[in-house]
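Chains as they are written, first to last, in our numbering: chain U, 1 to 372; chain F, 1 to 562.
If you are wondering where the hints come from, they were derived from the structure by calculation, not from laboratory data.
Beta carbons are placed, not taken as given, at the ideal position from N, Cα and C, and that holds for glycine.
Each hint should be verified, as a subset may be incorrect.
[To be verified] Derived BS3-like pairs (lysine-lysine); straight-line CA-CA distance at most 25 Å: (1) 511(F) - 479(F); (2) 290(U) - 260(U); (3) 142(F) - 120(U); (4) 238(F) - 25(U); (5) 479(F) - 25(U); (6) 294(U) - 311(U); (7) 25(U) - 532(F); (8) 285(U) - 260(U); (9) 290(U) - 265(U); (10) 287(U) - 317(U); (11) 311(U) - 285(U); (12) 7(U) - 142(F); (13) 325(U) - 287(U); (14) 294(U) - 264(U); (15) 317(U) - 290(U).
[Claimed, not checked] Label-pair ranges, simulated between beta-carbon atoms: (16) 205(U) - 420(F): 30 to 40 Å; (17) 88(U) - 143(F): 46 to 56 Å; (18) 105(F) - 342(U): 29 to 39 Å.
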Amino acid sequence: MAEYTLKVRRYQPESGEGAYWEEFKVELDPSLSVLDGILQAKDREDGSLAVRCSCRAAICGSCGMTINGQSGLGCKTQIGHAHEHANRRNGGGEPIVVEPMGNMPVIKDLITDMESTHWKKIRRVTPWLLPHGEAPEREYVVEPESMIDITQSMACIQCGACVSSCLSMEADPDFIGPAALAKAYRFVGDPRDGESVERLHDLAEDPHGIYDCTHCFNCIDACPKGVAPMDQIMRLRRKAGEEGIEDPNSGHDHEMAFVKIIEKKGTLDESLLLQESFAPGLKGKLKPSKRAIKEMLASIPTAIRGLRSGKMRSLPKLIPGVHPKLPDGAQDDVKAIYEHAEQHREEFNIYIKGEEDVEPEPDETATEETTA
Amino acid sequence: MPTHDVLVIGAGLAGQRAALAAAEQGVSVGILSKVHPVRSHSNAAQGGINAALNPGDSWESHAFDTVKGSDYLGDQDAIEVMCREAPEEILHLEHLGVTFHRNEEGKLGTRAFGGASAARTYYVADITGQAIMHVLYEQLMKHSDSVARYEEWFCTALAMDEQGECCGVVTRNIADGSTQLFTAKAVILACGGNGQVWRPTTNALICTGDGIAMAYRVGAKLMDMEMIQYHPTTLAGKGFLITEGARGEGAHLLNAKGERFMERYAPNKMELASRDVVSRAEQTEIDEGRGFPDGTVALDITVVPRKRIHEALREIVLVGQDFAGVDITREPIRIKPGNHYTMGGIKTDVDGRTDVPGLYAAGETACVSVHGGNRLGANSLLDTLIFGRRSGADAAARAKRIEGSRPARGALEAEQAEIDAISAREKGSGRRVSEIKLELGTTMDAKVAVFRDEAGIQEALETVRRLKQEAESAYIDDKGSVFNQDILGAIELGYMLDNAECTCAAALERKESRGAQYRTDFPERNDAEWLKHIDMQRGDDGPEISYSEVTMTQWEPQERTY
């Protein structure tokens, strides 16, 4: 047993007052959760302290909240850890700070309006299977791995922690967002779905769709179920690229520019990166296309601003042919590695965990938890 | 006053399945739940769902295992219906998009489960309930023009017409605190079980026996209320569930001496004997001093290959890590039997019909009875879906057949008065609601658990009756309208106490040991006198007991060994 202080941001809609802070002293085992602490305060002190909760075991997704600034589930955050986290930098007098989730209107205390934000976005992605043709007499026969693959998205409990933490949504409230896009991958990646391509077009062409994500990793940190929504968004982007869907951020072309330059040159000649990212050269050649030239001319003001502000310091690197050669035929070795990888279809993508049997070190995961 | 042909109360698997089945018949459907549907407790079903779908397996074999598992208290006609219709239901779910595990050929793959003579449990890792329920919710969103969803509405009572038929419900909109009357030609209760009556329990905080109590209060019969399942593998103190799938994958149970003690209790099925048998074995080890000092035994999952654990028991890895600080892939985890499932409930026929016209029940709220004295693992999801679907279809047929009736006068006003009375209680006028809940839970867990005897049950019953009186003056803090969870808690306490009273009375009545009811003062099963259901109806001084026959079709009672 230990004593903890919970500093809760409260809001009582019928009081006519704005939000305010209230501290509750609770006494419980450090291995119990922040939610257990809140429930103790509610049971013993103030029954009007409002929080959605049900399973207490991180499966129902009710108790999304912000603890010490980090979005997560109250029931999955051990109160001892939360206390340590609140007091990393000083002697131990700091309370555990509990607030409602972000990016959602607050209804009362820790209860937010998920319907107008989270669920509306979920419905935006046509969240049901759209198979083509008659169902088979027995089950659909599919690759076993494909089911395991989308089970990562199925593990989502719709708690909203990722939505709460999403920086893109803070900037663009219309962003479809991490939870709904992870849900979308569950269908795009499902071999039984007949409209994966239409879904990809829909999500790519929406200005608030898959290209609105800025890779901040917050949703991956916040997700209590290992769904890694950003990974699912990146998979959607990659599939969209494979479908030849135009990426307004040139993200896919940018990625492919790296690949092609390495393939052709055996080294990353950065002078070619910009032109290739704007528009790939014709017939796989590293020659700027008309469109690339147009885009590059259009970006001159940006380049000048960059030079003036000191953000762009290596102008010579942008001049073709200046890039130094690697010694001892290393460029040919790199080309050989590329060819080998290409022939063996080996994936090197930092976002996508392949089939390999690599598990995170348990200590690593434990450290992550303490910051939750 | 919202009106639907069919109104479903509760939006877990049984409720959602019922709503979809009713909508398929072209009637107007409303589904109402005190939490958002995906928060429902069907989420917690980890291990899987049974069906005899593999070549070489048969529904008869599944049915026999279920009959034997029930300790011959299950109604065999109902069990036959459930097992016969199981394969088609699995395929239906697969076609809707459930991401069931595949074998190497890409077809549906199975895992072994307790009390089953074949591997016939279909699963999605160890989130089967969640995976199915989220897919059903997808279908509810898809069919939103034929199924109206009332999310976060709390039911306070069933509404009856002058003829004593059920014709709606009185509800509280949690968001604004308004009381409203909903009318319908048929009402389906799918409110889950009553696990919160015990503490600890694997059940969610919402499992307060609402449906059972509401039906009881309007005179519907309850059945098998003494049959409460204690799950063999729950985390001590916190009550979290470790799926039976862990043992299905090969995990061992060990006592403090490191002995695989199930050898002494179930030499053939070992850890995969039925749940009542395994729970009693564990409790015996603990009571006789062979457990750990914290009153537990160990579940050793390290014997399962690591890759398989990460693929098939993903959730349990997280439960171990987050809630017990144990890496289950590297060390055994301490567990004990814990309250888990309500076998009994509102007595229904195979179409979900209760004794009250217009009132249906399905899932854990109901007692068909397919589980009898003990439910087999992975039969609960099946129960919710099969009887959810059948209730939905039959309720729709009733709605097409009858003219709607109006609730008797004053139904709404009576409920509003009740709520106002709770709000009006002054602080300090009695005990806190939370205190009464705690006393109820610990009492039931101490006296009406794995092993029971007359003195203990009697003591629990007296406590429950005292708590019922205390609940009448229990006060709450929140006087507001918006999300007043305090009011809901006070009403739930009333539901829980009705459930507890019925369970105690039934446990006291059944003077034998069968399934989950083990009486140390009557340690044998007694088919001559007790091969019958205990039915219960509300009387002036608590529950009135009657009996009904167990339906036998093809399986005569035998001695039960595993």
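Do the hints match the structure? See the list:
1. 511(F) - 479(F): Roughly 46 Å between the alpha carbons, so the hint for residue 511(F) and residue 479(F) is violated.
2. 290(U) - 260(U): 18 Å, holds
3. 142(F) - 120(U): 13 Å, holds
4. 238(F) - 25(U): It holds: about 21 Å lies between the C-alpha atoms, which stays within 25 Å.
5. 479(F) - 25(U): 23 Å, holds
6. 294(U) - 311(U): It holds: about 23 Å lies between the C-alpha atoms, which stays within 25 Å.
7. 25(U) - 532(F): 52 Å, violated
8. 285(U) - 260(U): 9 Å, holds
9. 290(U) - 265(U): Given that 25 Å is the threshold and the Cα spacing comes to 22 Å, the pair holds.
10. 287(U) - 317(U): 17 Å, holds
11. 311(U) - 285(U): Judged against 25 Å, a Cα distance of about 30 Å means the pair is violated.
12. 7(U) - 142(F): Cα-Cα ~41 Å, so violated.
13. 325(U) - 287(U): Holds, at roughly 19 Å.
14. 294(U) - 264(U): Roughly 24 Å separates the two Cα atoms, so the pair holds.
15. 317(U) - 290(U): 22 Å, holds
16. 205(U) - 420(F): 30 to 40 Å: 54 Å, violated
17. 88(U) - 143(F): 46 to 56 Å: 50 Å, holds
18. 105(F) - 342(U): 29 to 39 Å: 31 Å, holds
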